[in-house]
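Protein chains: 2
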Amino acid sequence: MKKVEVVIVGSIGLDTIETPFGKAENVLGGSAAYASFASSFFAKTGIVSIIGKDFPQKNLDFFEEHGIGIEGIEKSAKGTFHWEGKYGFDVNIAQTIKTELNSLADFNPQLPESYRNADFLFLGNFDPEKQLQVLSQMKKRPKLVVSDTMNFYISSKPEKVLEVVKTADIALMNDAEARQLFKTPNLVKAAKKILELDSEFAIIKKGEHGCLLFSKKTHFAAPGYPLENIIDPTGCGDSFAGSLIGYLAKTKNLNEKNFRKAIITASTIASFNAEDFSLNRLSRLKKTEIKNRITEFKKITKF
Amino acid sequence: MKKVEVVIVGSIGLDTIETPFGKAENVLGGSAAYASFASSFFAKTGIVSIIGKDFPQKNLDFFEEHGIGIEGIEKSAKGTFHWEGKYGFDVNIAQTIKTELNSLADFNPQLPESYRNADFLFLGNFDPEKQLQVLSQMKKRPKLVVSDTMNFYISSKPEKVLEVVKTADIALMNDAEARQLFKTPNLVKAAKKILELDSEFAIIKKGEHGCLLFSKKTHFAAPGYPLENIIDPTGCGDSFAGSLIGYLAKTKNLNEKNFRKAIITASTIASFNAEDFSLNRLSRLKKTEIKNRITEFKKITKF
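From first to last, the protein sequence lines are chains A and B. Everything in the first sequence is counted per our numbering, starting at 174 for the first residue and increasing by one. Everything in the second sequence is counted per our numbering, starting at 174 for the first residue and increasing by one.
These are computed hints drawn from the structure, not numbers from a lab. You can take every hint at face value.
Because identical chains share one entry, a pair is satisfied inside a single copy or across any pair of copies.
List of simulated lysine-lysine pairs, DSS-like, C-alpha gap at most 25 Å: (1) K434 x K471; (2) K430 x K472; (3) K362 x K390; (4) K430 x K475.
The task is simple: from the sequences and hints, build the whole structure.
The following block contains the structure:
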């Protein structure tokens, strides 16, 4: 079996989601589910997560069928993490109806031995103290550590979040999170603060509006792919993160030019993800479709 | 004197604005003020608007000094239109504290004779019935009519707004307005509805996130210019509209390729506008600065 190149640590859950375009109940979700699947288009990927006793075997089979390593998925005697959310007219804003942490409350990520030499590590959105613990389990410093966070941890543990930002090579944030963490309405200023914390690159995600990449010398503004057939935006940020790290693992080049390509590729995967509930669209996504949409991305941004 | 090529119809006002970066009281504002000044970088521009008896002469002198025609500015015995607004942490959202229409309530635009042959007409954001009346005053159909609107008219006179969209060549809208007018959360679908109403192009503005251009065949996604020194976003939409029509009047080419260039140029002017209150930044803006920022725009969007 191929060695795992990308380790994805995060949640796996069963989501119930309502959007203006439909409803899905108890479907496969969670940051690690989306991120690992997106990464697996480009590199051998393994998940580190926790599930409950109610988690359907078919979902585990689904990961395995797509070549994703599941040996790092712990089985708890409790229930599986459950998120219930709703999107209104502005699909950029998720309204949480219910969050049942269940087994995720006990999540104490333990990396399988064979994952501890991986070169690419994604720390999904969970407790920043545990994100730091995961990093300490690695036998050597990975070539690239990408982290994610959320407003809940920025409010409750800002110092620890800043430590993760400092430790990771890329700390992903969306615009609202960056504004909150660095107490500035100005995204460029927020990005500069990220860079000052010893990051080589800062990426600020803006949902359907694309994202910004900053380095000490320059920056890159990527528009979002204009989506006609949006069904459910859940997991787009995680799909973006997963394909970003997967693409970089595949191409093994961490210069700014390749980061731009990685961002466009990741935006492309995320745009497909929004076209159906759960992992439905990604699971039937073909490599030619990815290639064609990247070509289209080039056309629609040229001036 | 050079013949007016671009006619800008809209409000002139005295604004009182508070942002997280400062405050300005009773400063020159209004859609026609911003749009005409932005247009005047590229083409001979004339304003059609109304002011009150309290309107400072120095503001009229300011327009004249910059070569902007003021013969279409009517003087009323009432006060000048006054808008008071505040921006919070998310500078994309203006909070209106007070709107005093004053003389603007009686605004019944009358185009000066010499403006009625102009090839480029911008109908700023005012009553859609009056926008249609302005168009009927033209001796010949202009080569390009660009219109703007706002949520107030979309709620109160949706049928008339749709008539303006149908009549104009380009109906500018921001994302929220497009969603509201066409009752869809999907911007691509909203844009297609604009195109169905017999528009050749649809432009949807997304504030700091840039804008989208749609034609029947293709589309263009322009990111916003990432702003480090934002002071006041008031008038950015109007500066965008004014420089768009001014650039097209100067280059006299209405194909899609040139529209893309016009949009990037207009985004550039709008980005400068946000760097100070009122027209302060635009009034000291140099052509080399515009050129340099367009070059930078190219660099930051390349992948």
